[in-house]
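Construct the entire structure; sequences and hints are all you get.
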Amino acid sequence: MSANSNSQTERWIIFVVLFVAVALPLVFPLGLKTEVSDYTKMAWDLIETTPDSSVVIFSFDCDPSTMTELQPMAESMLYHAFSRNQKVIAMALWPQGVQMADMAFNTVKTSFPDKQYGIDYVNLGYKVSGIVAIQAMGQSMEEVNPTDIAGTKYSEIPMLKGIVTIKDIAYVNSLSSGVPGIKEWIMIARDTYKTPVTGGTTAVSAPGFFPYINSQKQLSGLLGGLKAASEYEMLIGRIGSATVKMDAQSTAHVLILLFIAIGNVKAYRAKKGSKK
Amino acid sequence: MKRNLPLIFAFICGIVVVASDFIPHRPFNLMIDTLQNWFMIIVGFAILLGQISLFQSNIYKIQHKVSGWYYYLAGLISFVIMLVLGLLWGTQEYQGLLGHGLAVQAWLGSKPFDYLFDNAYLPLSATMFSLLAFFVASAAYRAFIIRSFESNLLMITAIIVILGRTSFGGMLTSWVPESYSFWHLPNLSDFIMEYPNTAAQRAIMISAALGIIGSSLRIILGIERSYLGSDK
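Protein sequence lines, in the order shown, are assigned to chains A and B.
Count the first sequence with the working numbering and you get residues 46 to 321, in order.
Count the second sequence with the working numbering and you get residues 333 to 564, in order.
A few of these clues could be false.
Negatives, chain A to chain B, calculated, CB over 12 Å [said to hold, decoys possible]:
id, residue
1, D97
2, R129
3, N130
4, T155
5, I208
6, K262
7, K320
Okay, the calculated bits of chain B under chain A, using three or more residues with CB under 8 Å as the criterion [claimed, not checked]:
id, segment
8, 460 to 468
9, 494 to 500
Quick caveat, the hints were computed from the structure, so don't treat them as lab data.
Even glycine gets a Cβ: it sits at the ideal position worked out from N, Cα and C.
Next up, the structure:
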């Protein structure tokens, strides 16, 4: 067997083993517990301590490719905000974020059937131009959002009465999988208008945002990846998809470590063989 | 004139935007409002321009039968289907040219655009991202080999962070006494992410910011002209 076909076989074995390792815990959950990290707790604290009836923004700056990680976060944080009786404005700096917001509302609304559109929550839709749209909301929310996604005028939406600029928002929660996203909200909403910002992002992107969690509170906590989403579910006492998926992710991570170990043993043996 | 006019515009707009940040009063605040509105309108048109460009480049590739032309055809057909369905019956609360299509909704359970979004685009998109796991596993097996002191260090850090970010990490070191809680894997992982990682990220961010300031100044002052379509 040639080295090339050996390599192909190895690749297929890795793929099959990984598939089984991910699929099995999804079918038969292991019920592994995760420990709550400081950054997740900070995000939870912000929502928990925001007064009742405050108007908050949930910005869906993402698309379906990252929904496995971001949607459980969005649902948990939305559930938390609704349980604290906060009024939620959903918007999106990414075109497909509008649908992601609708999906989150539909899921969470099953636990809060009394929440009404326009009174407790609203979807203002996609905003083009990212950071400039946020900047313009610092001058006038209505100018940037003349209508909601159903075409209802801003001034006719009951929960938006009294919300003139972004300064009237209690906090911004950006579910972000790229640019524009959390960084743009920090730069304008937090740094210019002093509106607290929190958010959630993929595990891969999270390290890039950690510098913003500092003594200046540029970012009030951050949910990074599926683990943070499962931690949040634990904090609000609502077991959701993140907790179940976390078992699969944990197994996959351990398996990857195992692959690394096998790869090293193989490389060591090859090196030893070539010396002989 | 064709070249100088955009340079003059770029200079004036650049200076106004910078000045408005330091002087948030008349006339700068009014000027920045106008510029922001212009930008949002132009970006809206840019989306349209992008779609036309996508159409043109795909048609060219299909006509000239470039390698894998059928993928471009599939992309184009998908684009047209979504566009037509969206135009005819709208999306979610928006109505289309034929209204909300109640009969179609009764048959499909939702509007055709939303139906395809939920049942085709959404799972396909998530699948593309999820496939990364397989490539990461394969790449880790091949590339994560201990060869030097640096790679050794990287390997140890990776093991701590990977384990610390899983549910197994906490279980593995749950026996560690409270007084040594720093050595508990999730805590160790958090320490690496919060301190060495953040320090490195800050250095990268500060360097990038300085670079952005430099290149912005070059554009404002007309030294950098590649955005005009030529570097001359």
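Hint check results:
1. D97: With a cut-off of 12 Å, D97(A) remains clear of chain B, as the shortest Cβ separation is near 28 Å.
2. R129: 27 Å, holds
3. N130: 25 Å, holds
4. T155: 17 Å, holds
5. I208: Label holds. Min Cβ-Cβ 19 Å, cutoff 12 Å.
6. K262: 15 Å, holds
7. K320: 15 Å, holds
8. 460 to 468: Since 6 is at least three, the answer is holds.
9. 494 to 500: holds (count 6)
Checked against the numbered hints above, the structure breaks none of them.
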